[in-house]
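Undergrad: So the chains spell out like this:
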Amino acid sequence: MKILVPTKRVPSTDEGVRIRPDGSGIEDVALAFIINPFDAIALEEALHIRERRGSGVEVTAVGIGNAAFESELRIALAMGADRAVRVDFDGALDPWSVAQVLGAIVRREKPDLVLMGKQAVDDDSNQAGQMLAGLLDWPQATFASKIEFVEPARLSIARETDRGLETVIVGLPAVVTTDLRLNEPRYASLPALMKAKKRPIETISHRDLGVLPEPKVRILHLEQVAVDRVCVRVADAAELVHRLRYEAKVI
Amino acid sequence: MSILVVAEHDGAHARPGSSSALAVARDLAAHSGERVELLVIGRGLAFVAADAARFAPVIVADHPLLANPTADRYAHIIADVAKAREAGSIVANSTTFAKDILPRASAMLSAAMAGDVTGYSFANGKLLLRRPMYAGAAMATVALTGRPLVITVRASAFPAAEPLAEPGERIVWSVDASTLPNHSEYVGLESRPTLRPELTEARVVVSGGRPFRTGEEFEKYVGCLADALNGATGCTRALVDAGIAPNEWQVGQTGKVVAPQLYVALGISGAVQHLAGMKNSRVVVAVNTDPEAPMFSVATYGLVGDVRQIVPELIRELGK
Ligand SMILES: Cc1cc2nc3c(=O)[nH]c(=O)nc-3n(C[C@H](O)[C@H](O)[C@H](O)COP(=O)(O)OP(=O)(O)OC[C@H]3O[C@@H](n4cnc5c(N)ncnc54)[C@H](O)[C@@H]3O)c2cc1C
Ligand SMILES: Nc1ncnc2c1ncn2[C@@H]1O[C@H](COP(=O)(O)O)[C@@H](O)[C@H]1O
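As they're listed, the protein sequences go chains A and B.
If you read the first sequence in this note's numbering, its first letter stands for residue 643, the second for the next number, and so on.
If you read the second sequence in this note's numbering, its first letter stands for residue 52, the second for the next number, and so on.
Chain A extracted, bound-state conformation (with noise of 0.2 Å):
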């Protein structure tokens, strides 16, 4: 069984991003990145099932990016996955041209099962997913907080909605994207990471996989929000009550 899992390089989510003041995009120098946490999550998932299934699971993690991209992508060999491998491309991307580079690896890798963030936590956008699903007319499950084989290639997952916890069944192939809550993922070990600063990342240029990444949407510009409240502190909830209902008006 193959699991291709989809990483993203992000920044920390530790600091809050800086926007350059002519709106260019963020402020990149001395940032931290990071694998996408849902990746993370996802990526240790198809540990988890690896694991599960003794031998035979075969986890390829697949970054598009530039070369620094290769960072985070050997943080994912040490954490173990088999492969690691980048979709070389300096240019903007979107969730549809994600998906189509994503499409086009999955008819070259032909996995059973794809497993990604829901969310990439830099352009919050919750979509590539269910797009590549869309492009492949695979079976997709969105914000899975818990995932069980209920037969070979039949996966039972519980997928967290606004209204609850839903359960649905896919059959394999499918595209699952993943919810916080599926699972805390593992440390990468020093001697891992040193180990995988070793490894090879095959790199794969776009025109090699036939695609051209498209994107249908373009930032004009990116502007930095501040809430910056004046908070009136208030000495006790004589106070409090008093002003929301006086002053304020909200209750």
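Hints are supplied without guarantee of correctness; some may be wrong.
Some chain A residues close to chain B (C-beta under 7 Å, calculated; not the full set) [claimed, not checked]:
no.: 1; residue: 766
no.: 2; residue: 775
no.: 3; residue: 863
no.: 4; residue: 880
no.: 5; residue: 883
no.: 6; residue: 892
Because the hints were derived from the structure by calculation, they are not lab data.
In this text, a Cβ means the ideal position worked out from N, Cα and C, and glycines have one as well.
Assemble chain B with the ligands onto chain A, guided by the hints.
TA: Same frame as chain A, now just chain B with the ligands:
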């Protein structure tokens, strides 16, 4: 050409958020001259269709095989209807229903898609959309290429649409069962029944964070204050992870986005991911033992103190 609004419903009524999507569609239509149509998908839709028709003409895709909102079938219907009605845009409210289905439909239509739209403008006749990125730290202005455009909007950012003077017509969409995909088997939905208002629609939201260590404790403080204010309950990811509160109460970047008249944050530190879901609330109250908690920086009113002491006092004051 039409602008198609995919209305989410509960089997009886269109959900209120869909009304904001309709308001946006009407405004876009005023610029483009397109007609606005609602699309409802499901089974046994007579009542929903009548309810929806008060707002716009409704295309009704009613079939037993559409009883549950599975992405494969719903996206298939949306793509088919969009083609048949020559939809220039497809608009829906940004919920997990739309987030699951619309990107799939948009890929099937090779359409450009922008999610979580909070504003828009026209520059030389071209539509520019505004949407948050980086957990709401940035607002992006984006342009989409080609047609149709697929847009999900944040209901809280737009007013609700008014009903029409005369109900719109109801157009039956004949569902061809033989072409419907059969990619997933729907097993069921488990939700926590509540008598409180829906989180994204409530005027008042009371949310709790890490200090609440059990479901009972959460009810005793957060739930009781919410009831005293006629509000909904929300929570941080910390409580969902710990299994103390259900996922559907989570507010934030990866949960629900709310903008009520009043948001009360009880023992919530104010991580950017949480702020992304509530910072546009009109009035924000923060109660926290730590006077330096980042939540105070987005609060209108701040009270430093222990929630276990403050909440009962608040409930008493509200009763006066
Ligand atoms: C990719 C990603 C996505 C995320 N998405 C979300 C999301 O959508 N929503 C979300 O909420 N989080 C999200 N998070 C988690 C987020 O980063 C924070 O960890 C979380 O919001 C913290 O929850 P908290 O405020 O309850 O807990 P803490 O940060 O632990 O804060 C608890 C607060 O309670 C105060 N306190 C303690 N005891 C008392 C008391 N007795 N009385 C009063 N105050 C007290 C403390 O001073 C502290 O400020 C996400 C994280 C990641 C990495
Ligand atoms: N450049 C990329 N390389 C690899 N995977 C990506 C890339 N961009 C997005 N993805 C995948 O698509 C998912 C959803 O992204 P998005 O739709 O942009 O929120 C992410 O969690 C990743 O798994």
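Undergrad: Output the numbers, in ascending order, of every earlier hint that fails for this structure.
TA: none
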